[in-house]
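Peer 1: The lines below spell out each chain.
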Amino acid sequence: MRQARTRLSIETGGGDLTDVTGRVVRWLGETGLSDGLLTIFCRHTSASLLVQENADPDVQRDLIAFFRRLVPEGDPLYRHTDEGPDDMPAHVRAALTQTQLSIPFEQGRMVLGTWQGIYVFEHRRRPHRRELALHALGD
Amino acid sequence: MRQARTRLSIETGGGDLTDVTGRVVRWLGETGLSDGLLTIFCRHTSASLLVQENADPDVQRDLIAFFRRLVPEGDPLYRHTDEGPDDMPAHVRAALTQTQLSIPFEQGRMVLGTWQGIYVFEHRRRPHRRELALHALGD
Amino acid sequence: MRQARTRLSIETGGGDLTDVTGRVVRWLGETGLSDGLLTIFCRHTSASLLVQENADPDVQRDLIAFFRRLVPEGDPLYRHTDEGPDDMPAHVRAALTQTQLSIPFEQGRMVLGTWQGIYVFEHRRRPHRRELALHALGD
Numbered sequence: 019m020r021q022a023r024t025r026l027s028i029e030t031g032g033g034d035l036t037d038v039t040g041r042v043v044r045w046l047g048e049t050g051l052s053d054g055l056l057t058i059f060c061r062h063t064s065a066s067l068l069v070q071e072n073a074d075p076d077v078q079r080d081l082i083a084f085f086r087r088l089v090p091e092g093d094p095l096y097r098h099t100d101e102g103p104d105d106m107p108a109h110v111r112a113a114l115t116q117t118q119l120s121i122p123f124e125q126g127r128m129v130l131g132t133w134q135g136i137y138v139f140e141h142r143r144r145p146h147r148r149e150l151a152l153h154a155l156g157d
Numbered sequence: 019m020r021q022a023r024t025r026l027s028i029e030t031g032g033g034d035l036t037d038v039t040g041r042v043v044r045w046l047g048e049t050g051l052s053d054g055l056l057t058i059f060c061r062h063t064s065a066s067l068l069v070q071e072n073a074d075p076d077v078q079r080d081l082i083a084f085f086r087r088l089v090p091e092g093d094p095l096y097r098h099t100d101e102g103p104d105d106m107p108a109h110v111r112a113a114l115t116q117t118q119l120s121i122p123f124e125q126g127r128m129v130l131g132t133w134q135g136i137y138v139f140e141h142r143r144r145p146h147r148r149e150l151a152l153h154a155l156g157d
Numbered sequence: 019m020r021q022a023r024t025r026l027s028i029e030t031g032g033g034d035l036t037d038v039t040g041r042v043v044r045w046l047g048e049t050g051l052s053d054g055l056l057t058i059f060c061r062h063t064s065a066s067l068l069v070q071e072n073a074d075p076d077v078q079r080d081l082i083a084f085f086r087r088l089v090p091e092g093d094p095l096y097r098h099t100d101e102g103p104d105d106m107p108a109h110v111r112a113a114l115t116q117t118q119l120s121i122p123f124e125q126g127r128m129v130l131g132t133w134q135g136i137y138v139f140e141h142r143r144r145p146h147r148r149e150l151a152l153h154a155l156g157d
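Residue numbers (the working numbering), protein chains in the order written: chain A, 19 to 157; chain B, 19 to 157; chain C, 19 to 157.
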């Protein structure tokens, strides 16, 4: 059994979902590992990870709209406003989703379902560069 | 150190929680592994995983009721409606809970607390067959 | 490759976030492991785990305020009220956050971002003793 690791740098568009499945698949292939466990860790508190449907783009649009309405900007509840009106909502949306995902892989392929993609969910309004730490463990 | 893996096929009842703890425990026993890390991955985007109280059935009923009210059907916010009024709410509820769980085990037993059970949360209205990928790594 | 494990007992203050990063870091150092995967599992259903900003205390205050408003006490929706008005909201808040976190580590250090801390989120009103199961796997 052995380990591999890397960092992926992701350019997000601001308030959007970026599909990173292809880049994760490519790196896993490069490790030469066949069977094991892959972990993705998002090194930020205003962006997060999501496994979601990769078929209809409206699903992603609706997900974003839901989180925007559930956790709106300009909420008088917040005291942490120094970093802009979209910063505290971004932290809350990140808390409601995932910072980390672990996905088993078999014969070099993650066990994702047919319609599952891996996304970085950018909760800030503007584009950001986000760093993911990837780790794989297996044979 | 070695690995084991399997798939569990779960018949959900529709809009409900299915306790899968027993099936996971049984499989872990069959692997013969004593100490390590078990990962459960839900291969769907309209069902998810949850660790919750296994004592009072009202807890499960209340959890379901809360998610139904927080993410109702028929919300005019959604554009993705082709697959039925319960599909987009299902994706959102899945995003708010877990697609994956990793649980350490010791002497063949997961470190779950006394009142913790592992559930598949079916977010669609109707019964579905859901597939979980299980992976264990250890000695 | 080898494994290490322990339990951490955390005294929460009630309805608050307790930073456990330092204790996790210390234990990881004691294992002598350099590279691998660390998993934290919360053995409770009315407290949970969160990776969040460790810089401005207002972020934590605002997160707590948001979850209190989103999942209020005294909600007529709930049937599970025997254990007090704060018990069922605690289960829901736990369902909306994390029971488990896995974090890769490199050269003895977790890959947390600069502003990320690991917190136990106590969802009950009163102080509790909470147990975390820690597991590390690596070289």
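No lab work stands behind these hints, which were simulated from the structure alone. Accuracy of the hints is not assured; some may be wrong.
Stated by the list, open to error - Simulated restraints, written as ranges between beta carbons of each label pair:
#1 C:Gly31 / A:Arg20: 24 to 30 Å
#2 A:Thr132 / B:Gly31: 19 to 25 Å
#3 A:Gly92 / C:Ala73: 38 to 44 Å
#4 A:Ser52 / B:Thr99: 38 to 44 Å
All values derive from a computational prediction rather than experimental measurement. Idealized CB from N, CA, C, for every residue including glycine.
Peer 1: All hints, please: hold or fail.
Peer 2: Hint by hint, here is what the structure shows:
1. C:Gly31 / A:Arg20: 24 to 30 Å: Taking Cβ atoms as reference, glycine 31 (chain C) and arginine 20 (chain A) lie about 43 Å apart, which means the hint is violated.
2. A:Thr132 / B:Gly31: 19 to 25 Å: The hint (19 to 25 Å, Cβ to Cβ) holds, given that threonine 132 (chain A) and glycine 31 (chain B) are roughly 23 Å apart.
3. A:Gly92 / C:Ala73: 38 to 44 Å: violated (22 Å)
4. A:Ser52 / B:Thr99: 38 to 44 Å: With Cβ atoms ~41 Å apart, the hint holds.
When the structure is compared with the earlier hints, violations turn up for hints 1, 3 and for no others.
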